[in-house]
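Asks: Chain by chain, the residues:
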Amino acid sequence: MAEHSECIRIEHVGKSFGEKVVLKDISLQVSHSEIFGLLGPSGAGKTTLVKMIAGIDMATSGAVYVLGGKMPKLDIMGQLGYMSQSDALYGELTALENLEFFGALYGLKGKPCRKRIMEVMELVNLSGELKKQVSNYSGGMKRRLSLAIAMLHQPQILILDEPTVGIDPVLRKSIWEELNLLSKEGTAILLTTHVMDEADKCHRLGMIRNGELIALGTPDALKQETGSANIEDAFLTYGGVRA
Amino acid sequence: MRIQALIIRILRQFIHDKRSLALMIVAPMLILTLMSLVFNGKTYEPDIAVVDVSDAILTKLEANDANIVEYTSSEAEQALKNAEIDAIFRMEDGKPSVMLEGSDPSVNKSVILLLQKIAQDLSPAAGIMEPNITFLHGSQDMAAFDNFGPVLVGFFVFFFVFLVSGIAFLRERTGGTLERLLATPLRRWELVAGYLAGFGIFTMIQAALIAWFAINVLHMMMAGSFFFVLLITLLMAMTALTLGTFLSAFANNEFQMIQFIPLIVVPQVFFSGLFNMDTMAEWLQWIGVVMPLTYGADALRDIMIRGGGWPDIAVDVYVLVGFSLFFIIANVLALRKHRKI
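Chains A and B are the protein sequences, given in the same order.
Per our numbering, residue 1 is the first one in the first sequence, and the count goes up by one each step.
Per our numbering, residue 244 is the first one in the second sequence, and the count goes up by one each step.
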């Protein structure tokens, strides 16, 4: 694993839907144990990029490599954990049934699956709500359940699209602690956010605006380079709004 | 002011959804057209085979709008078995006798009426011409419901599976779970197969209950094997499922899925044999050929009314399997829109 510590490599990726160009010439890498944040306003193209890494979408130009394989590739997709922006849950099922269903898709079953379900639900603080129908969950609870599902099969890479929307600060803190723990164990985490203070917690950041990667580096480096006090100011500077 | 704003908003929504707009106008027209085609057809002319009948009767029959063919006794019986003709008219020991095919009460009635008319014309005084009537299938007591009941059994299975599976698959797409599924190593054909199997089990129960209810509670005529009824309803459900999930790819919400009912489901009712098709123009009868319900209804009638076995339904079974396979492939290909591999 150490020999190729990079686990996501994006090379000159572009994406357009017909005439509309969504992403332009994006290149970046994410290593094992790294928490990489994609920062940008909604509509910037974050989700499109994330979907290409997850193997759902395909680049119009350039290439996406994950764990050494060119995406999309089904056996690599089994080693990714994906949490989409919308809560992709079956409302008519209970949380447990949802977890069991997705677990089975990744080949988990029986006792190990049950054990893993308890672990991830403990993590997102939903252990007491396993038997509850998901349609009765609050927005934040659904978000946490989606996160639990993404982590269920202990993937090498976690791809999280806006993971902490609608989650209260206390829980957000505990989720970040968990993400840090996972990254120490070697998991690469790629997440998108438009919350600037959350971006500070990432090891490295990519700033996206109008489909272009306008900056890439550690939060401190980005702040230093622009002489800004916070990430928000740095973003504005790179975006050309502030000189 | 607020009401006006509401009115404008609603009208604008309609203008943006041209499809729903068109449907609300076109669909009723379509259904009315179909109904007029079905109910305004010519009066039914029964096909009657005559065996050793005097010329006097023959000319009378022809004068009364019946399609007459002259057969030998064995030829006629074979034709009746294959439902190519509606009745055999022959003389037995100097007395006329009629054997009806019997599966459609309205046809039975028109044949009997015709013969009674002729009998009266020929010898108004005496009743010597009153024919002796026998049935190949069914009986004099058979109600119209017995005739179209099997079609309805097939139709309801088809209709509900179409709708429920179509909407379930649509929800999968609009709710984001389809995308989530495609982020797993799940293959496209596995997804389609999963739906088939899942709904297959559900439909087995549904079909068994409906068939049981029709036969045992409504006392629908049941001459053949219950197993074959289940087989056919299951195959119809598979066709409905694969068609429903495929078409859901062309709907953006539940309402648009409902819009497929008048377009896809209702026409099948008209052409599947619920109404007698012999009175329709020939080119119209061909429409039924492309409709899955036609084959399911035909097979169910063969089994339930005529007591048919495997040789009678084999072709229908193959065609239904063919429809299902076709739509399964279409489904797998349609999913390419969401994920290329």
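Hints are not guaranteed to be accurate.
Listed below are the simulated SDA-like cross-link pairs for lysine to any residue, each with C-alpha atoms no more than 20 Å apart in a straight line [what the hints assert, rightly or not]:
#  : chain 1 : residue 1 : chain 2 : residue 2
1  : A       : 142       : B       : 416
2  : B       : 583       : A       : 48
3  : B       : 583       : A       : 60
4  : A       : 73        : B       : 353
5  : A       : 142       : B       : 415
6  : A       : 142       : A       : 174
7  : B       : 580       : A       : 14
8  : B       : 580       : A       : 17
9  : A       : 73        : B       : 575
10 : A       : 73        : B       : 273
11 : B       : 583       : A       : 47
12 : A       : 73        : B       : 297
13 : A       : 73        : B       : 431
14 : A       : 142       : B       : 575
15 : A       : 70        : B       : 416
16 : B       : 580       : B       : 429
17 : B       : 580       : A       : 142
18 : B       : 583       : A       : 183
19 : B       : 580       : A       : 74
20 : A       : 173       : A       : 228
Honestly, the hints are just simulated from the structure, not real lab data.
Asks: If you test the structure against every hint from before, which numbers come out violated?
Replies: 4, 10, 12, 14, 15, 17, 18 and 20
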